[in-house]
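Asks: Take the given structure of chain A and dock chain B to it, following the hints.
Each chain, letter by letter, is given below.
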Amino acid sequence: MLELRLHGRGGQGSVVASKILADAVMKGGKFVQAFPEFGVERRGAPVFAFVRIDDKPILLKSKIYTPDHVIVLDPTLIESINITEGLKDNGIILINSELPPSEFKFEGNYRVMTVDAKRIAIKYRLGSKASPIVNTAILGAVIKAIPVATMDNLIEAIKDGVPVKIEENIAAAKEAYESLIKGE
Amino acid sequence: MKKVLMGNHAISYGATLSRVQVIAAYPITPQTQVVELLSEIVANGELEAEFIKVESEHSAMAACIGASAAGARAFTATSSQGLLLMHEVLHWASRARLPIVMANINRAISPGWTIWTDQNDSLSQRDTGWIQIYAADNQEVLDSIIIGYKVAEKVSLPLMVVLDAFVLSHTYEPVDIPDQDKVDKFLPPYNPKIKLDPEDPHAFGGLTAPNIYMEFQYNHQLAMMEAKKVINEAGKEYGEITGRYYQNLSPYKVDDAEYILITSGTVAKTTNIVVDKLRESGVKIGNLRIRTFRPFPSEEIYEILKDKKKIFVIDRNLSFGNTGIFFQEVKASLYNTDIKVPIFGFVTGLGGRDVTPELIEEIVNYGMKKEKPEEEVIWMGVKK
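Keeping their order, the protein sequence lines are chains A and B.
Here the working numbering is used: the first residue of the first sequence is 231, the next is one more, and so on.
Here the working numbering is used: the first residue of the second sequence is 433, the next is one more, and so on.
Errors might be hidden in some of the hints.
Far from chain A by the CB rule (all over 12 Å, computed), these chain B residues [what the hints assert, rightly or not]: (1) A528; (2) P621; (3) Q653; (4) M656; (5) K741; (6) S765; (7) N768; (8) T769.
With a cut-off of at most 27 Å between alpha-carbon atoms, the simulated DSS-like pairs for lysine-lysine come out as follows [said to hold, decoys possible]: (9) A:K293 x B:K435; (10) A:K260 x B:K685; (11) B:K816 x A:K293; (12) A:K404 x B:K434; (13) A:K286 x B:K709; (14) B:K627 x B:K661; (15) B:K815 x A:K293; (16) B:K625 x B:K668; (17) B:K435 x A:K389; (18) A:K395 x A:K374; (19) A:K404 x B:K435; (20) B:K801 x B:K816; (21) B:K709 x A:K318; (22) A:K260 x B:K435; (23) A:K260 x A:K374; (24) B:K668 x A:K286; (25) A:K374 x A:K412; (26) B:K709 x A:K260; (27) A:K286 x B:K716; (28) B:K434 x A:K293; (29) B:K434 x A:K374; (30) B:K685 x A:K293; (31) B:K434 x A:K286; (32) A:K260 x A:K404; (33) B:K434 x A:K389; (34) B:K435 x A:K395; (35) B:K434 x A:K260; (36) B:K435 x B:K614; (37) B:K738 x B:K802; (38) B:K738 x B:K772; (39) B:K801 x B:K742; (40) A:K286 x B:K435.
Derived by calculation from the structure, the hints in this document are not laboratory data.
Predicted, not measured: the structure shown is a model, and the values here were computed from it.
From the three backbone atoms N, C-alpha and C, an ideal C-beta is built for every residue, glycine too.
One chain only, chain A, in its complex shape (with noise of 0.2 Å):
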């Protein structure tokens, strides 16, 4: 079984694109449970998104403590809370910035990959400048980073995840696809 974590703000999509990757993962034809932190959530509050991902039915109906890999969808984060918290060895950390990986210095024994998600979204007018919505461009970066969907999978749930400008979704999980950057 695999865990991953996304760290996002709230309002940035990061449920929903927990549930776009679930439903990849779906079409792939694996098992998958996607869930975010229950509870409220505020706009601009630092949200989280689980996904589990098996080849057998999930029956495990707990939450995530110790994820294989994390994903964040919001590199402001790494400031203000501890992404790796429970992360296991060895575990990716795929980070939205336009930065390469060796920029970024964790304790621990983790590969970092970075793909700038950000300027994706805002060359394919997802969200505004000021708040580009990333959630289809990160997705690609991770099924290229973590291979639990193709991309053919990954575009047949955006067609039916989202609910406009879904050739230009596709695009930006397309380019982040090809721009994904894994660290030493």
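Replies: Only chain B this time, still in chain A's reference frame:
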């Protein structure tokens, strides 16, 4: 068609596929999304139903009572304080023998203010005369709404489908949405023998003197007992159409087990993982999930428990001044039988506290070590 659905939306799809004709609801976290989606489906013209906006849950159930009495298939959904506010009219719905189906998302009761899960809201409605079904995943939530109408309309009693807040309501899982024509075959339109109809007038809810009131209660009880059989039959018939079978009980590896955990809701799913793990180390243990809480399937429970050594009941609820409620029910149902083994009652997971595999293992370890329970309520995961 398979779709990734949150539990709330699994309810909405279940109601839509059941072709409900009247929806009356008042929003409350974490139920709100159930009726949000339903209102969209009605507004889009995908479901021919009256969506009645009301000012409280009491009114929501009252509107369902009127609709159901007039022969419509009525639906509502709520949680926690909302369900508690409905209490008076819940009795009315069941004693009027109206087959309303309602989803209740199990949310703990305030104060302290809470929106997280436990079962005290629905279990407080134990004696309202409603059938209660506790689901363990989102697929079961959707299926239970559809099967629920079949059962409710067969025995003329209202039925509550109960699910855990957030753990199901806000969690996305793959759900197979059955084809409408399959559901239509399973669940034909509701057509009651007697209804509010100006062309064929009847009196409803009239004065019932002592010479006849008790007979109504007797018949209500007979219908409840009949529901035990009807739930199993309808669950089997549904299984023949969809491949998914549902019964009053959902046993897991109980046949050769010496020890049995008794669970309900999502805790049961996590418990199955623990059962597998303990069996690998040679512990003969099984998990009995109680799906139907009312009517209480005592006879079926007896059949499973009759040759076991110890029984561990996990309650995500508590009757203050006594014990966990499933624990009471299990004990009471076995008292006049030949089962005389120790039954342990564990209370945990209140107000949304996470029930992890580690915690369930701790429960088993506790029960295995003690010859018999030393306390009536064994608190697990509480800061004392």
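Asks: All the hints need checking, so say for each whether the structure fits it.
Replies: Okay, the hints, checked on the actual structure:
no. : hint            : in the structure
1   : A528            : holds, 36 Å
2   : P621            : holds, 31 Å
3   : Q653            : holds, 35 Å
4   : M656            : holds, 30 Å
5   : K741            : holds, 25 Å
6   : S765            : holds, 26 Å
7   : N768            : holds, 35 Å
8   : T769            : holds, 31 Å
9   : A:K293 x B:K435 : holds, 22 Å
10  : A:K260 x B:K685 : holds, 25 Å
11  : B:K816 x A:K293 : holds, 23 Å
12  : A:K404 x B:K434 : holds, 25 Å
13  : A:K286 x B:K709 : holds, 16 Å
14  : B:K627 x B:K661 : holds, 26 Å
15  : B:K815 x A:K293 : holds, 20 Å
16  : B:K625 x B:K668 : holds, 26 Å
17  : B:K435 x A:K389 : holds, 13 Å
18  : A:K395 x A:K374 : holds, 22 Å
19  : A:K404 x B:K435 : holds, 23 Å
20  : B:K801 x B:K816 : holds, 22 Å
21  : B:K709 x A:K318 : holds, 22 Å
22  : A:K260 x B:K435 : holds, 13 Å
23  : A:K260 x A:K374 : holds, 17 Å
24  : B:K668 x A:K286 : holds, 25 Å
25  : A:K374 x A:K412 : holds, 10 Å
26  : B:K709 x A:K260 : holds, 23 Å
27  : A:K286 x B:K716 : holds, 23 Å
28  : B:K434 x A:K293 : holds, 24 Å
29  : B:K434 x A:K374 : holds, 25 Å
30  : B:K685 x A:K293 : holds, 25 Å
31  : B:K434 x A:K286 : holds, 16 Å
32  : A:K260 x A:K404 : holds, 22 Å
33  : B:K434 x A:K389 : holds, 15 Å
34  : B:K435 x A:K395 : holds, 21 Å
35  : B:K434 x A:K260 : holds, 12 Å
36  : B:K435 x B:K614 : holds, 17 Å
37  : B:K738 x B:K802 : holds, 20 Å
38  : B:K738 x B:K772 : holds, 9 Å
39  : B:K801 x B:K742 : holds, 11 Å
40  : A:K286 x B:K435 : holds, 17 Å
Checked against the numbered hints above, the structure violates none of them.
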